[in-house]
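Visitor: So the chains spell out like this:
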Amino acid sequence: MAPQLANWFPILVFMAIAGLIALAMVAGSLLAARQKPYAEKISAYECGFEPFDDARRRFDVRFYLVAILFIIFDLEVAFLFPWAVSLGRIGLFGFFSMIAFLGVLTVGFIYEWRKGALDWE
Amino acid sequence: MSMSAFLATPLGVLILTLVKALLFLVPLLIGVAYLTYAERKVLAAMQLRKGPNVVGPFGLFQPFADAIKMLMKETILPAGANRGLFLLAPMLTFALAMIAWAVIPVNPGWVNANINVGILYLFAISSLGVYGVIIAGWASNSKYAFLGALRSAAQMVSYEVSMGFVIVTVVLCVGSLNLTAVVEAQRNWWFCIPLFPMFVVFFISTLAETNRPPFDLPEGESEIVAGFFVEYSSMSFALFFLGEYANMILMSALTTILFLGGWLAPFGLAPFTWIPGPVWFIAKICFCLFVFLWVRATFPRYRYDQLMRLGWKVFLPLSLFWLVLTAGVLEFAGWLPVT
Numbered sequence: 000m001a002p003q004l005a006n007w008f009p010i011l012v013f014m015a016i017a018g019l020i021a022l023a024m025v026a027g028s029l030l031a032a033r034q035k036p037y038a039e040k041i042s043a044y045e046c047g048f049e050p051f052d053d054a055r056r057r058f059d060v061r062f063y064l065v066a067i068l069f070i071i072f073d074l075e076v077a078f079l080f081p082w083a084v085s086l087g088r089i090g091l092f093g094f095f096s097m098i099a100f101l102g103v104l105t106v107g108f109i110y111e112w113r114k115g116a117l118d119w120e
Numbered sequence: 000m001s002m003s004a005f006l007a008t009p010l011g012v013l014i015l016t017l018v019k020a021l022l023f024l025v026p027l028l029i030g031v032a033y034l035t036y037a038e039r040k041v042l043a044a045m046q047l048r049k050g051p052n053v054v055g056p057f058g059l060f061q062p063f064a065d066a067i068k069m070l071m072k073e074t075i076l077p078a079g080a081n082r083g084l085f086l087l088a089p090m091l092t093f094a095l096a097m098i099a100w101a102v103i104p105v106n107p108g109w110v111n112a113n114i115n116v117g118i119l120y121l122f123a124i125s126s127l128g129v130y131g132v133i134i135a136g137w138a139s140n141s142k143y144a145f146l147g148a149l150r151s152a153a154q155m156v157s158y159e160v161s162m163g164f165v166i167v168t169v170v171l172c173v174g175s176l177n178l179t180a181v182v183e184a185q186r187n188w189w190f191c192i193p194l195f196p197m198f199v200v201f202f203i204s205t206l207a208e209t210n211r212p213p214f215d216l217p218e219g220e221s222e223i224v225a226g227f228f229v230e231y232s233s234m235s236f237a238l239f240f241l242g243e244y245a246n247m248i249l250m251s252a253l254t255t256i257l258f259l260g261g262w263l264a265p266f267g268l269a270p271f272t273w274i275p276g277p278v279w280f281i282a283k284i285c286f287c288l289f290v291f292l293w294v295r296a297t298f299p300r301y302r303y304d305q306l307m308r309l310g311w312k313v314f315l316p317l318s319l320f321w322l323v324l325t326a327g328v329l330e331f332a333g334w335l336p337v338t
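Note that the protein sequences, when read in sequence, are chains A and B. Start counting the first sequence at 0; every next residue gets the next number (numbering that gives the first Met the number 0). Start counting the second sequence at 0; every next residue gets the next number (numbering that gives the first Met the number 0).
Please keep in mind that the hints were generated in silico from the structure rather than gathered at the bench. We put the beta carbon where it would ideally sit given N, CA and C, even for glycine. Don't take each hint at face value.
Said to hold, decoys possible - Okay, derived cross-link-like pairs now, SDA-like style, lysine to any residue, Cα gap no bigger than 20 Å in a straight line:
#	chain 1	residue 1	chain 2	residue 2
1	B	Lys142	A	Ser42
2	B	Lys142	B	Leu84
3	A	Lys40	B	Asn81
As the list claims (entries may be wrong) - Derived coverage of chain B by chain A (criterion: at least 3 residues anywhere in the stretch with Cβ under 8 Å from a Cβ of chain A; other residues may be distant):
#	stretch
4	100-108
5	308-319
Chain B on its own, in the form it takes in the complex (with noise of 0.2 Å):
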């Protein structure tokens, strides 16, 4: 049987799958564990630290270092913890991190699950990463981790409201939901400058949505000490940890993909063309991510108060009337796409 013959056999074609996915997701697995590091390596070059650098050349082993550490540790399981949802809440939250990668388009035609709703497939998903967090705050059956797991939930359905409104404004003037098509309508002009008030809204949500600084109240650590993962050790904090850093990157690509042209060359100018796509999207998830760390070198941390605000009385009336706005000039104008 010739290679082609087999790979149309479903064992071929469950194998050729598996190996897609282990294609992407193994380079994720190390972009997360490197991640960290470039986290550490960042945060102490803006306070003039050198950061990391006793394990290997400049301290490029830490990751390595850290995840057999936290293998060797003892998992404790607390005397009034549900068992089965404390384990079970990590690994949903890692699992959910992992599944979204599914259907992000890298290039043309290189991604998993070419599906036409792939849009609707990551907010799905990332709704459902509260799952995890209500879990195990309410699991652990501590004080600290249930009120970091109530303020963290709340915090993030309200950064979704206005995330959602964001996406919507962006499929109307692109007439899919499908991830490849969203690219390939930035031909002539990256969504960020048509619709930068939604790229900025957009961006500040999604570092809502991932808690991270200035929205790091769930973990607020002078007040609830680390929040909704308090009582965590071992590999089940190791999950949360890299489910956190896989959302950023996740965010960073979406943010890629809706709003800085996905693979694309900037304008499609000559020198720009000849770098193919691949690195270009994964250059601008980089920049993003940059910027998620910038951020947290930067600001103080946001009151309660302040972040309610903001999501409900600032973000999602903007958010609101942009779209209305962008509906009705691509009506009026006629430039609506018919697809």
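Isolated chain A (complex conformation) (with noise of 0.2 Å):
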């Protein structure tokens, strides 16, 4: 293995480490209580009411233009991880480039306010 792939390999045993522990924490409980379901206990909870009909219904749109902000502003940080490590060896040029971009955002960010997509009345 590559020195660098064997730094990696801990995680592996990591995730079937919890893996098994998450698994055989709800496999023991399954066999070691007694399973005894019927119709009013196995209903979604409603506040004591008969569900009226299920979930798979529509939502609030709000939710979705926060999912397409978020994505925006994620890839801007995705960005800024490379040039945050090497700012050092890039010089003047490098600093001015990320500026440049990071003014751009800040732009479509105040439109974004003034526009409202931020608020959540």
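Both chains come to you apart, so use the hints to assemble them.
Guide: Below you can see the structure in the form of structure tokens.
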């Protein structure tokens, strides 16, 4: 194994252990406890009422908007990581390139703010 | 075959890695169990109550009693639920909270996977936490669970953005993504001093990321009962619970590494340096966890629009501004780390 890859091996072991513990806990409970379901017990909880319908229905579009905004800014963060690590080697040109990029994004951010995309009334 | 020769074989490496991983995970799980106990005791003390005091001396066996009780309860699979995903979600939440610990350094060299992109790995794993929540809420096929999952997902992604900017600011001061390098870069100054506003933003964001009070809207008992895990019972509920508390410890460890100097003694002064590094590391984690509990006992819950406003209109501009400021100061004062 290449040394770079060997460093990642413990993560694989962690995944295996964590998965096994989780499986063992759920399976252990399924085996140890008495399972006795009936219609009222396994119906969806709705404060004591019979459930009116299931939960596969429309929901507020604002959650969707938040997710879109998140993708934009998270991409920006992903773009900043390599820049932050190597800023000492890329000099003033590298610095001002990123400042220009952030400037464009700030204009977009101000536009979103003024348009009310960040409001949640 | 000698011991060292055996440990060089593939089987030896596997066994050694397993033992090292368990040396991390077993204390972590015990820590999680006792964090639930500490939470009840601290909250009780702040409200002039006694807290758990019946099972064992000072109620010290309470976490184990709770675990056995959970194990003996029936696992309810709701009629309308998507069964496979319903059982997968808590396992995913729990497993993600565990595997993040593979890269946490406790002392120089005391780390399972000393990868050169440690911060990025932690950022990725904590982002994946949203999947457990969304899968649980959708697979339950219950309205409360669904609403809770949507709220929780929107909240977690909102605060992740400013967390990302804060982490980039720290990376600027370090010049590396390796977590050991981050701690070693704080020999002279812990980053909580020069980057104090970022430290505050980061800590509050970790409260929102872990769905802790005052940002526990996904659970909001008075409106949506328990949010995304309302339909869960028995061990699958316990896995969510353990995952949340393991995430609290993980976020405290991350705060310690990024801002509180990890295993370094304060200012490198003589009486403090006599105490070994791992003790400092654990003490700092305990301090952060205590603040988590203290906040819970002190502050009322946020309203959803206030939460969104704080994330997008206060933290995001503030962290972006401080990032540019830090980069500018480092660049023009010639303080950039050259690695």
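Visitor: Now, for every hint given, state plainly whether the structure supports it.
Guide: Consistency of the hints with the structure:
1. In summary, the hint linking B:Lys142 to A:Ser42 is supported, as the alpha carbons are separated by about 12 Å, within the 20 Å threshold.
2. Distance hint between B:Lys142 and B:Leu84 is fulfilled; the C-alpha atoms sit about 17 Å from each other, no more than 20 Å.
3. The suggested pairing of A:Lys40 with B:Asn81 holds, with an alpha-carbon distance near 16 Å, which does not exceed 20 Å.
4. Check result for the stretch 100-108 of chain B against chain A: holds, 3 residues qualifying (beta carbon to beta carbon below 8 Å, three or more required).
5. Remark: the stretch 308-319 of chain B is confirmed as covered by chain A, as 6 of its residues place a Cβ nearer than 8 Å to a Cβ of that chain, reaching the required three.
In the structure shown, no violation is registered for any of the earlier numbered hints.
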